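Participant: Sequence:
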Amino acid sequence: MTEQASGGFAVHERMVDGVVVVEVCDVVDMLTAPLLGTAIGTVLAESPRGLIIDLTNVSFLASAGMTVLVQAREQVGERIGFAVVADSPVTSRPLRIVGLDDVLGLQPTVNDALRVVV
Numbered sequence: 006m007t008e009q010a011s012g013g014f015a016v017h018e019r020m021v022d023g024v025v026v027v028e029v030c031d032v033v034d035m036l037t038a039p040l041l042g043t044a045i046g047t048v049l050a051e052s053p054r055g056l057i058i059d060l061t062n063v064s065f066l067a068s069a070g071m072t073v074l075v076q077a078r079e080q081v082g083e084r085i086g087f088a089v090v091a092d093s094p095v096t097s098r099p100l101r102i103v104g105l106d107d108v109l110g111l112q113p114t115v116n117d118a119l120r121v122v123v
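Start counting the sequence shown at 6; every next residue gets the next number (this note's numbering).
Derived from the structure by calculation, the hints contain no laboratory data. Where hints are given, some of them may not hold.
Stated by the list, open to error - So the derived label-pair ranges between C-beta atoms look like this:
| id | residue 1 | residue 2 | range |
| --- | --- | --- | --- |
| 1 | G12 | S68 | 23 to 29 Å |
| 2 | N116 | S68 | 26 to 32 Å |
| 3 | N116 | P39 | 27 to 33 Å |
Predicted, not measured: the structure shown is a model, and the values here were computed from it. All C-beta atoms, glycine included, are put in the ideal place defined by N, C-alpha and C.
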């Protein structure tokens with residue numbers, strides 16, 4: 006499934022060994038964060054073994070996007086594995102500054118996240 010909004014924002018999901026990888030592209034701000042939240046809710050309804058949110062192709066991460074990530078983390082709880090991939094300063098730096106790196110299980114690559122989640 007892919008959801009798009011104006012400005013090139015896109016969300017793509019793929020399954021890897023029962024873990025859903027949600028790849029996010031472009032800007033995650035107050036306009037696009039709700040679309041990301043909807044996409045996450047849709048994939049969680051399918052009861053995956055784990056959830057990885059890949060921010061590798063995100064060019065800007067606003068507080069609204071961080072809120073969606075925290076909500077996703079709270080929604081999965083301890084039921085399934087969860088991680089966020091963010092290695093670029095554009096995404097990893099704000100998450101670290103506000104102290105969400107440990108909360109979200111921040112990982113530098115999808116492969117690293119898969120090792121943690123599975």
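Participant: Take the hints in turn and mark each one as holding or not.
Facilitator: Hints and how they fare:
For the pair G12 and S68, the supplied restraint of 23 to 29 Å is violated, since their beta-carbon distance comes to about 18 Å. Checking the proposed 26 to 32 Å range against N116 and S68 shows it holds: the Cβ atoms sit about 28 Å from each other. The hinted window of 27 to 33 Å between N116 and P39 holds, with their beta carbons roughly 29 Å apart.
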